[in-house]
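Residue numbers (the numbering used here), protein chains in the order written: chain A, 1453 to 1816; chain B, 180 to 504.
Simulated from the structure, these hints should not be mistaken for lab results.
Think of the CB as a built atom: it goes at the ideal place given N, C-alpha and C, for glycine as much as any other residue.
A few of these clues could be false.
Said to hold, decoys possible - In silico EDC-like links for lysine to aspartate or glutamate, alpha-carbon gap of 16 Å or less:
id, chain 1, residue 1, chain 2, residue 2
1, B, 420, A, 1658
2, B, 276, A, 1669
3, A, 1661, A, 1791
4, B, 184, B, 368
5, A, 1795, A, 1751
6, B, 399, A, 1564
7, A, 1661, A, 1560
8, A, 1493, A, 1553
9, A, 1687, A, 1715
10, B, 276, A, 1475
11, A, 1697, A, 1751
12, A, 1717, A, 1648
What the hints assert, rightly or not - Here are the computed distance ranges between Cβ atoms for each label pair:
id, chain 1, residue 1, chain 2, residue 2, range
13, A, 1527, B, 303, 51 to 59 Å
14, B, 463, A, 1462, 50 to 58 Å
15, A, 1781, B, 340, 14 to 22 Å
16, B, 485, A, 1717, 32 to 40 Å
17, B, 476, A, 1632, 43 to 51 Å
18, A, 1703, B, 472, 52 to 60 Å
19, B, 345, A, 1527, 54 to 62 Å
20, B, 476, A, 1530, 53 to 61 Å
Stated by the list, open to error - If the Cβ cut is set under 8 Å, some of the chain A residues that face chain B in the computed set are:
id, residue
21, 1463
22, 1542
23, 1543
24, 1570
25, 1573
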Amino acid sequence: MKIKKLIIIFVILITTGCFNYVEINNLVIVSGIGIDYKDNKYVVTFENLYQNKESSDSNFATGITKTATGDTIANAFDNITLSLEKNPYYAHLKVVIISSEIANNHLDELFDFFLRNNDIRNIFSLVISKDITPQEIFNSSSKYYPVVSERIKNLLENNIYSNYISKNKYFKNIASNYLSGEKNITLSSIYKKDDELILGNLFVFDKKKVVGSLNQEQALILSIIDNNKPSSIIKVPCKIDSDKKLVIRIYESKTKFSIKKNEYKITNNLSAEIIENSCNINLENKESQKHITDNFEKEISNQTIDLINYLKIINSDILGINNKYFVKYRSKNSNYFKDKNFKVDTILNINKKGLIFEVKNDNE
Amino acid sequence: MITNKQKFSLIYFITNSFFLASGYSLIFKVSGKDTWLSMILGTLIGAFFIYLMNKYIFNKNSNNILTKLVTYSFHIFIIFINILVVRIFATSFFLTKTPGIVITLPFISLAFMCSKKGINTIVKMSELLLPISLFLITISMIAVLKDGSINSFLPLLTVPKRKIFISSLYYGIFTAIPHLMLYNINIDEKIHIKSYIYSSLISIFIGIIIISTLGPYLIKVFRFPEYMVLKQIKLFNFIEKIENLIGLVWFFDLFMSSSVCFYNLNKVINKNFIIAIIIASIVYFVEFVSKNYEYANYIYKHLPILLFIIGSIFFIIFYRNKKSS
């Protein structure tokens, strides 16, 4: 009996899995990672969270960056630890910023590294740095924004009014589309202007490379087509005074893709609200309502046609039209989106007129 | 006296015991996004296997040397695979720096101790673990449901029929062959098949959620797709990083399966020092195989075939004994 007890005590003491035990004080939380490629080497920057000792609030963190280079991404990651006094902990990784060079020529390596790595969870945002290196972005912290990765994450998540420019897709979804080729991918971008970090154009890829970018207006149209809860603003000039605008916000979208052998049709079924009526139109007048609706339908259709034509020119199938063809006809045609004609139809329902009825006069 | 509920819980764990690390990842590799169909067909194949087992070999004890040898080999093989999976899974995700023997030895010892207490303790244990397992699976699958997409399955049935058939066979083998270890537990045929189908439905449900969440490409890429799905769990926007807790359900399956194996070995051998030698050998071979990627990969790729061969030998020997008796 005594031997049994001794064995149990022995087992309890030595088989508790403490080999992996790391004190929390010996961990440093990596909140953001920047990856660049220069002179045939990967340049990796970590933004690590440290307790801000100047602040009276002990929970107040500040971001401190460390940079290292290496022949491979893994090598650069390892080299960073040469200047890190603690073990890097990636479970709270919020954002990975890549340079245009990485986006254009090294995405395969990036996806392979991140998908293989067990320490990194695949639920972070992937962003391209525009006209600035990822390292410079992480070095732009200020007294008010001490953690850059936290700021970028908030910019991406809380930017509700033009949410497609910052479409916050997790890395896993981007990797899935990139590797399977079902859809060409888009990535948000970030740039710096007067010490401010600002969301830039939406970068558009073909199979492997950046082939173009969508400005805010194009991204809003993309949002209407590809997102059932968009928040896109569309404006049309007033009939009498073209300097003034009538503005609506699309808040619900049901887009239908009709795929045929020789053409495809995109039907936008939208719900919208009026948010700015500088034209002073009487919104209770049925004729005016019809006139407004017709104008907006035409405007949205035209903008959609422009967007699709642009995507056809750069041969980027970010709507997954080729895959929709495959789903319907079970044969792959990688040129379907580019080669075939398309039609666009918009059905708009303006069912919220804002909080006011009264207008000064009925101009239109 | 084993109740029907206890029988169901035991059948549930044994049906799912080969899904971690090998089951899902292998069948996803073969039939990709159309695996849902393979799993449904595989359930029918598995149910047929179980019908054959009940009709021809169950409840037939025999003491001849050949039968004993086959029984040893079958159960030692199952324990070996279970421990290998525990070793590879734990060192891949949780205990990367811990020596393998420190992981495998407590696990195997616990399963052995549980088996020594007899079948009543084993079934009570499974009855206790079943609600925990179902609760964790339900929570996790509901949590990742929002990340799923119906598009992951489209277009339907584009995978070649041959691959769907192979994948169905794999599924049938993974879920039904382990049931051979229930050969000396008295289970009514109808209850057995019914419990198997219910257990398989849970596996199908999990498989469908994995496909819809990871998509047709990533299910083929990941070594542990069932675990990678859990990494995405975010409950009520603040409960996250709980994959290790939920990952416990896979250990329950392996633990129950190993306990039943040891119980059967004890019945045939009943000599502690021989069992100790077997445990030591298994731990040694697990260490050897897991340190040699080539061997581990060979076993992983050929597991359904190995399982089918060893299961068939078990079946034939017991069937012949029954005929001769």
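Consistency of the hints with the structure:
1. 420/B <-> 1658/A: Measuring from Cα to Cα gives roughly 34 Å; hence the hint is violated.
2. 276/B <-> 1669/A: violated, 52 Å
3. 1661/A <-> 1791/A: Distance of about 20 Å is beyond 16 Å: violated.
4. 184/B <-> 368/B: holds, 15 Å
5. 1795/A <-> 1751/A: holds, 14 Å
6. 399/B <-> 1564/A: holds, 14 Å
7. 1661/A <-> 1560/A: Since the Cα atoms of residue 1661/A and residue 1560/A sit roughly 10 Å apart, the hinted pair holds (cutoff 16 Å).
8. 1493/A <-> 1553/A: holds, 11 Å
9. 1687/A <-> 1715/A: violated, 29 Å
10. 276/B <-> 1475/A: holds, 15 Å
11. 1697/A <-> 1751/A: Status holds; Cα separation ~13 Å.
12. 1717/A <-> 1648/A: With Cα atoms ~41 Å apart, residue 1717/A and residue 1648/A exceed 16 Å; violated.
13. 1527/A <-> 303/B: 51 to 59 Å: Cβ of residue 1527/A to Cβ of residue 303/B: about 53 Å, so the range 51 to 59 Å holds.
14. 463/B <-> 1462/A: 50 to 58 Å: The hint (50 to 58 Å, Cβ to Cβ) is violated, given that residue 463/B and residue 1462/A are roughly 20 Å apart.
15. 1781/A <-> 340/B: 14 to 22 Å: About 19 Å separates the Cβ atoms of residue 1781/A and residue 340/B, which means 14 to 22 Å holds.
16. 485/B <-> 1717/A: 32 to 40 Å: Roughly 53 Å apart at Cβ, these two residues miss the hinted range, so it is violated.
17. 476/B <-> 1632/A: 43 to 51 Å: violated, 24 Å
18. 1703/A <-> 472/B: 52 to 60 Å: Because 54 Å falls inside the window, the suggested range holds.
19. 345/B <-> 1527/A: 54 to 62 Å: violated, 40 Å
20. 476/B <-> 1530/A: 53 to 61 Å: violated, 26 Å
21. 1463: For residue 1463/A, the interface hint holds, since the closest Cβ of chain B sits about 7 Å away, which is under 8 Å.
22. 1542: violated, 12 Å
23. 1543: The hint holds - residue 1543/A has a Cβ within 8 Å of chain B, the shortest such distance being about 6 Å.
24. 1570: Hint on residue 1570/A: holds, closest Cβ of chain B at ~6 Å, below 8 Å.
25. 1573: With a minimum Cβ separation of about 5 Å from chain B (threshold 8 Å), the hint on residue 1573/A holds.
In summary, the structure is inconsistent with hints 1, 2, 3, 9, 12, 14, 16, 17, 19, 20 and 22 from the numbered list given earlier, while agreeing with the others.
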